[in-house]
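Listed here are the chains, written in short residue letters.
Protein chains: 4
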Amino acid sequence: MYMRKIIIGVMGPGDKASQKDMDNAFEIGKLIAQEKWVLLSGGRKQGVMNAASKGAKSANGLTIGIIPTKDNENTTEFADITIITGMGSARNNINVLSSNVVIACGMGAGAASEVALALKAKKHIILLTDNEEAKVFFQKLDKEHIHLANNPKEVMSITKTLIV
Amino acid sequence: MYMRKIIIGVMGPGDKASQKDMDNAFEIGKLIAQEKWVLLSGGRKQGVMNAASKGAKSANGLTIGIIPTKDNENTTEFADITIITGMGSARNNINVLSSNVVIACGMGAGAASEVALALKAKKHIILLTDNEEAKVFFQKLDKEHIHLANNPKEVMSITKTLIV
Amino acid sequence: MYMRKIIIGVMGPGDKASQKDMDNAFEIGKLIAQEKWVLLSGGRKQGVMNAASKGAKSANGLTIGIIPTKDNENTTEFADITIITGMGSARNNINVLSSNVVIACGMGAGAASEVALALKAKKHIILLTDNEEAKVFFQKLDKEHIHLANNPKEVMSITKTLIV
Amino acid sequence: MYMRKIIIGVMGPGDKASQKDMDNAFEIGKLIAQEKWVLLSGGRKQGVMNAASKGAKSANGLTIGIIPTKDNENTTEFADITIITGMGSARNNINVLSSNVVIACGMGAGAASEVALALKAKKHIILLTDNEEAKVFFQKLDKEHIHLANNPKEVMSITKTLIV
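Chains as they are written, first to last, in my numbering: chain A, 2 to 165; chain B, 2 to 165; chain C, 2 to 165; chain D, 2 to 165.
If we strip away everything but chain A, and leave its shape as in the complex, we get (with noise of 0.2 Å):
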């Protein structure tokens, strides 16, 4: 009767995004909300979590920030509600877990970590950076659980695959 919201994983570099990665992140959290699933981040008003968070805002959708510190003071203004953990990085596991796809928009040591503990977890995870390397690695990892997308319209249509 309830239905339960999807929840759809923006992971991404922080202070060290590359305009691209944070035009991309705003590109995919506004596809997100337009097809009115959550956009959950890591929080913080830096980078890929900003960018994805404010793209989802200017589509009316509903954004969740999963926050490392014990408040709000480094949190994006566009995360509608923030969970505060306050573990720090630990906190990249509840992200992957609480997705049920994970995107990783460029990539950074937070972002890896991410990936591969969703892999651990076995969830899917689409990559779109131009980190060749990571790729690679990550494919050799686990190919059935890694895709790899070209630009955000192609991270749209994988997942929605991936959502039956």
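Check the hints yourself; a few may be wrong.
Since copy identity is lost for identical chains, a pair holds within one copy or between any two.
Stated by the list, open to error - Cut-off 16 Å, straight-line C-alpha distance, at most; resulting in silico cross-link-like pairs (EDC-like, lysine to aspartate or glutamate): (1) 37 with 81; (2) 124 with 72; (3) 37 with 74; (4) 6 with 81; (5) 144 with 134; (6) 17 with 143; (7) 154 with 28; (8) 6 with 72; (9) 6 with 78; (10) 123 with 72; (11) 17 with 131; (12) 46 with 81.
Note that these hints are calculated values from the structure, not bench results.
If you're wondering where the values come from, they're calculated on a predicted model, not measured in any experiment.
Following the hints, complete the assembly by docking chains B, C and D onto the known chain A.
Relative to chain A, chains B, C and D alone:
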């Protein structure tokens, strides 16, 4: 511009909840939803967690469950959004950090840990329980942050004074 | 062939510990070390955590601190081994899960959360405190797992009956 | 006066570990114990975690397991001290925060998450693996903190340069 949503956490026993605890939790959940606040609970399909979520959905509210297990097998159907922690009772700290105000509806070991963790985090807590020893003990620990209520309506009027 | 070490957790207030709490904690730590058991504490350089670790080291024991922060800046010098969790009070659940027996020496919000989490995990807990309301409350929650002691020697004799 | 013990974390695959990974892990564990360092692992009775702990015990070392489950049912017998987290793969962050140096012996999703989390925490990591793509990927992420070794002896000589 964007307003972060207000989150009210309702904590209480699972399989050992009394009928009165569950009735109170349902009513509190409903009243929270009527205020357009988000209802946060521990998310299991038992006792106070289930009843508060059901009450909030009866008034068309938004409900979040912070799940101790690694999947939704034992999750209440009345949780719109589930945050899967896979970290057992350590998630109790997330419950309280994420809540603007914590309401303990009934009392057991889990709820006691949440009240204590909430005190540690300097959160305000409202107790609605017949367990007089709990009231005495927690008020002795921190009179400023422990508030006593006799019924769901009192819970709500106290909550309103705490949300500024 | 190899024998897993027995771990005794000593919990209690940090900066609000009374002198008596710290004296008791020192003595309990020493007695634990004399039994060749490992002393586990929350690891901060304050109050009961510091005193219990210091007591165990005075008898050449092995001491572990489960650290809430992301580094050892505020860690007691008397912890031989520090497990850095970076997860704040959520680490309290690790404290109790890792202990064969939990001893609460003194009482505050943190210790109360550990007693409650230990009850949730069906651990045995020994209370040594002047806080009579704590004794009444926790014994009402679970008479089987809460044990009362009047001094460090009683704590140890009860502990021995629980370690089989 | 009291010297905190040095902890070396050895990470690697569980049930998918190769025989060579396990042989390397055993040897590394033994060498760590000979330096009087503490061996930290993920604690399960499989693969690299088990082999490294066994190697350390063969040289009379002290071994710690950071356990993902809520009890010791699947814990290696070669762990002297078990820290029970009950938090699944989120404990991987504790593994790396608690280690002075992280050694990845072999490569899988779990080990990849630990290498990435260690980079996030600015820890030094030594990779001993045939997975060339892992070396290329992680060195690209952070050349300063990723060190490559070809055998257990090289692992140890690099570790010594990192422990000052």
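Each hint tested on the structure:
1. 37 with 81: For residue 37 and residue 81, the Cα distance is within 16 Å both inside one copy (15 Å) and across copies (13 Å).
2. 124 with 72: between (29 Å within a copy, 12 Å between copies)
3. 37 with 74: neither (28 Å within a copy, 24 Å between copies)
4. 6 with 81: both (15 Å within a copy, 6 Å between copies)
5. 144 with 134: both (14 Å within a copy, 14 Å between copies)
6. 17 with 143: This pair counts as between: shortest inter-copy Cα distance 13 Å, intra-copy 27 Å.
7. 154 with 28: So residue 154 and residue 28 pass the 16 Å test inside one copy only (9 Å; across, 44 Å).
8. 6 with 72: Only across copies: residue 6 and residue 72 sit 15 Å apart there, 25 Å inside one copy, limit 16 Å.
9. 6 with 78: between (22 Å within a copy, 11 Å between copies)
10. 123 with 72: For residue 123 and residue 72, the Cα distance is within 16 Å only across copies (12 Å; inside one copy 31 Å).
11. 17 with 131: Within one copy only: 14 Å inside, 30 Å across.
12. 46 with 81: Within one copy only: 13 Å inside a chain, 25 Å across chains, cut-off 16 Å.
Of the numbered hints stated above, the single one contradicted by the structure is hint 3.
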